[in-house]
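K.L.:
Assemble the complex: chain A is given as a structure, and chain B must be docked to it using the hints.
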Amino acid sequence: MLLEKYTDHINEILSRYPVRRSALLPLLNLAQREDGYVSESAMKEIARILRLTPSQVYEVVTFYTMLNLKPIGKFHIQVCRSLMCALVGSDTLVGWLQARLGIRPRETTPDRLFTLSTVECLASCGTGPMMQVNEEYYEQLTEEKVDRILADLKRDGTCSLKSGPFMFPQPELQQVKR
Amino acid sequence: MPTHELILLKNMSTPGYTGSLADYERAGGYQALRKVLGKIAPADVTEMVKKSGLRGRGGAGFPTGVKWEFLPKDYQGPRYLCCNADESEPGTFKDRQLMERDPHQMLEGIVITCYAIGAEIGYIYIRGEFVLGAQILERALGEARAAGYLGTNILDTGFNLDVWVHRGAGAYICGEETALLESLEGKRGLPRVKPPFPATHGLYNKPTVVNNVETLANLPHILNRGPEWFASIGSPPRSTGTRIFCVSGHVKRPGNYEVPMGITFRELIFDHAGGMRSDKPLKAIIPGGASAAFFTDQHLEVKLDFESVAQAGSMLGSGGVTVMEEGTSMVWAALRLMEFFYHESCGKCTPCREGSSWLVQTLRRIMAKRGRHEDLDTLTELCKNIVGRTICAFGDAEVAPILSTLQYWRHEYEELIEAAEAAELITPEPALARH
Chain A
7 MLLEKYTDHI NEILSRYPVR RSALLPLLNL AQREDGYVSE SAMKEIARIL
57 RLTPSQVYEV VTFYTMLNLK PIGKFHIQVC RSLMCALVGS DTLVGWLQAR
107 LGIRPRETTP DRLFTLSTVE CLASCGTGPM MQVNEEYYEQ LTEEKVDRIL
157 ADLKRDGTCS LKSGPFMFPQ PELQQVKR
Chain B
91 MPTHELILLK NMSTPGYTGS LADYERAGGY QALRKVLGKI APADVTEMVK
141 KSGLRGRGGA GFPTGVKWEF LPKDYQGPRY LCCNADESEP GTFKDRQLME
191 RDPHQMLEGI VITCYAIGAE IGYIYIRGEF VLGAQILERA LGEARAAGYL
241 GTNILDTGFN LDVWVHRGAG AYICGEETAL LESLEGKRGL PRVKPPFPAT
291 HGLYNKPTVV NNVETLANLP HILNRGPEWF ASIGSPPRST GTRIFCVSGH
341 VKRPGNYEVP MGITFRELIF DHAGGMRSDK PLKAIIPGGA SAAFFTDQHL
391 EVKLDFESVA QAGSMLGSGG VTVMEEGTSM VWAALRLMEF FYHESCGKCT
441 PCREGSSWLV QTLRRIMAKR GRHEDLDTLT ELCKNIVGRT ICAFGDAEVA
491 PILSTLQYWR HEYEELIEAA EAAELITPEP ALARH
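Protein chains in written order, with my numbering: chain A, 7 to 184; chain B, 91 to 525.
Fair warning: there could be bad hints in the mix.
Claimed, not checked - Straight line, CA to CA, 16 Å or less: simulated EDC-like cross-link-like pairs of lysine to aspartate or glutamate:
| id | chain 1 | residue 1 | chain 2 | residue 2 |
| --- | --- | --- | --- | --- |
| 1 | B | K474 | B | E444 |
| 2 | B | K393 | B | D361 |
| 3 | B | K438 | A | E150 |
| 4 | A | K76 | A | D97 |
| 5 | B | K277 | A | E65 |
| 6 | B | K296 | B | E275 |
Just so you know, these hints were derived from the structure itself, not from any lab. These numbers were taken from a predicted model, which means no experiment stands behind them.
Bound conformation, chain B alone:
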C-alpha cells in the first residue's frame, strides 16, 4: 500500500482513541481554535481557507472560502452556519464515521467557521436514521460547552456561539442545501429557486453558509498547519487535500479510505480496497455516488480529483466509489438506482416527478423482457427533458446512471429487448405514469 499521511482519520486510527474531548485534546485538538479566536481576523481566516484550495466535500466541490465570502459584509443581523450531516447519497458513508468516531474534530471546524462568517448559531442537520451519531454529537457538544469551546465569551475572546443538533426524518433531498434549510424551518424539504442563494437569503431568510461534515473537519488542520501545507497535498491547484473515499460493491475490503486526491481508481480499488472479491474481473465503477455517471474498466487510470473525473465524463461527487464485477447486469443496476431516485424525488418539479416515474416503468419493462426497441429512444428522450429543467441538481443526477449505461452497455438493453421480441411479449402500449 502506498504510504501517505492520514489527516481526518488519523485520531480515530490510533488504537484506544474514543473521540472524547480528553482524547481529542491529547491529540492536539482545539489548538487551531486557540490560535484563531481573537488572534486572526475573521476575514483573514477566510483568506487562509481560500488559499488552501479547500473545496466542498458534499458533492458539488465548490471552493469553501469563496462560499463564505459571498455573505454580505455590511449586514447587521443574525447569520447562520448549517452543517450538512444528511449523508444520504447512495455509496457514501464517510460523514457517519467522522461524526461517530471523532465528533470534536468536526465541532472545532464548526466553531472556526462560525467565527469566520460571524455566526452565533450553528445547526448540525443530521439524517434522522443516524440516532447513534446524533447522541454522540449531543454528548460532544455538552463536553465542548463545559470546557468553554462553545457558549458565551469563548476562550475569553468575546465570541459567542451555540450549536444544536437537528435530526431529519428520512428524505434524501434534504441533503440539497436549500431543501435542508426548508426542512430546518419545519417544512417539507422542497428545494428553493436560486437565486437568491443561501449566502444572502438562507435560513429564516438570513445570510447562511451550508458546509458538509468532511469539509468542516478539514478546517482545524488547515488553520494549524497552514494553507500552503494543505495546498501541497493532492493534485494542486484545483484539487487540494485528501478525500475520504467510500468504497463499496464487489471488492475484497470495502470501507473508508483517506487518500490524497489524484491517486488513480486502480490504486484505490486494488491497493487500498484489496481488489475484486472473486476471480471475476471489474466491469463498472460508479465514481462519486449514485448521482455520478458510470465508468468502465477503461477508466481505471483516471485520477481521483475533481478535474480528471469531470474530464472523463462523470463527477467526483460525494466520494462514494462503487465497484461492480463482470456478470452484473447494467440494466438492473440502472434500474435499482432509478428506483432510488423515483422514491426520493420531492415532487416539486414536473420533469423530475413525472420523468422518474416513466423512467422506472420503462426500465422495469425492459428488465422484465417485455420491452421494445422504441423504449431506448423513450429513455433518451425522457432524460433529455429532465436535464437542466429542474430547480435543483436532482434532475441531472437521476439521468446519469441511465445515460451512462446506455452509452457503454447499450447492447445489454438491446439483448433484453431482443429476448422480448423473440418471445413476442411486447407490451401493446407504453406504460403511463402513475396517477
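Bound-form chain A, shown alone:
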C-alpha cells in the first residue's frame, strides 16, 4: 500500500495544495513509479486518500498518456515520432529498435525487459532522433549508440549515454565574439 510505505512523502505532497484533489497527478506518478503502471488497487487507494470516487481517479488516468493501465516491460522505450524528429530519422530509429528487439510498437519482449512505444514530441527537436527510456532521455541517436544503450540497459540497468542537463549547442559554440 502506498500510504503505508510513503506516509511522510504523501503528507508532504498533500501539504503543498489548499485543495486535496490537486495531489492526484503527483500520487498517480508515485504509484506508477512504484509498480511501473497504475493498478486498480492503487487507483482505489488514491481515491480514498483524496476523498474522490474511483471513477474520478480513473477518468484522469485515461486522459494522460504517460500513465499506464497495464504492466509494461522493465524498460519503456518511447521514440518521438513527431515531424521534427521524423525529418532527421525517427522512423529509421524505430526500425532499428524493431529489428533488435523483435517487437513492434505497443509490444513487449517475451522476457518482459523492453516495451516499445512511439510517442509525440518530447521537446528534443534539435537533438533528434531521440528516445526516452523510463525517466532518461537519449538523444542524437545512431545505430551504434542504440546497440550500446540496449546492451548496457540489459547488463547494468542504466547507460552512460543518457542526457544530462540540456544545452545545445554546447557552450563553446554558443559563445559569440564581442
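P.N.:
Chain B in isolation, oriented as in the chain A frame:
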C-alpha cells in the same frame, strides 16, 4: 556570426557554470530581487515590466505587465502564479534548457512576479517527461529556501512565498493555460470557456497569472538593468528583448540560439544554425512551432519579430523554427503534424475532436495515393469548420499546417491524387470518422 549580447543564455554559456545557487549568485543572481523586494512597490514593478515591452514567450505573445494588471486590485484572498513549464509545442526545446541549466534565473523571476501580483504560492507546472528538469528545479528550490529567497519573511521584507514543482503526466493541451489549471486541480486537462479569464477566476477560482519559463527568466534582467535598456533591444516598440529560437530540421547546427528579435530567418538559419545540412536547398520553414503556418524560401528575409511574422501570414509562436530541405514531401509533413494534433486533441469540442480525425484520414488517403480531387475541397471545408469554432486556440493551430501547405504546395497534393487516378485506386467512399 553577428555579435550580440546574450542575456538568458549568458550564465550557462560560461565554461564551468553549473546552475547552482553559488554559481548564480557569483554571476550577479538575486540582485534584482534585493533591489525590488520591499523597495519598489508591487504596482511599480508591474509598471516597469509594462514599460519594458516584454511579451509572453509561450506562444500568444501577450504583454506580460498588462496580464498582471488584469488581477483585481481590491481582492482580499489568495492569488496564484503558475509557471508554464509544460513545453510541448513540436519544434520547441528552450524552456528545458533554461530550467536544467540555470534554474535560479527563472526562480528569481518567479519570486519577483509573485511579489508584483501579491501571490504567496507559486506552482511550476512541468511536463511529466522532464524528470531531470523537475529534479533540478526541486534542488534549486531547496537551495533558495535555505538561503532565504523563498519561505517566510523573504529578505526581512515580510513577504512570504512558497513555490512547488507540479509534474504533468503527458498531455500537450496542458500547455494551454486554462487546461493547465484544470490539470493542476487534479482533473482531465480540458480548456475552460473564457471569459472569465484566469486573472479573475484561475486556479481554484482565484486570481491567477500563468507565465512561461522564458518570460519569467527575463524579469531579473529587466529589473536589474531597467525597462529602457530592455526596450532598446530587438524591434521596438512591439517586439522587445531577445528570443531563444529553437532551430530544428535539416540544418547543419540545430539548437537554441538567443538573438535579438528582428533578425531575419536567413540570418538565423544560415549564420547561426550553419545553413542547410546538405547541398539541397531550403524548401520550407515552420516559423513558430507546429501551430504556425508554413513559410517558403521566399520568406527568408522576413524578420523574426511578432509583427513581421504575423504580417507574412504566420506567427512567431513559441520560437520553434523548423527547416526543411528540397525533397521533403509537404503532404507528408502536414500529415505528420496532423497526426500529432489528432493524438493530442483533448476531445472537448466537436469540431476539433472529429475534425482532426477526418483530416488525418483524408491526408493518409492522399499520401497513400488513394485520394481524389474532391479530397482537397474536403480538407479546406473541414478546416473552415474548425477555425474559430473551438474553446481554445488548438483548433486554429491544427489547421495551419494543412492550409499553408495547400496554399504554397497544392501541386504536391494534386500530383499524389493524379497518381491515384492513373492507377484507378480511388476509394469508393470518403472514409468516415472513427467511432
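K.L.:
Run through the hints listed earlier and report the numbers of any the structure violates, in increasing order.
P.N.:
Those not satisfied are hints 3 and 4.
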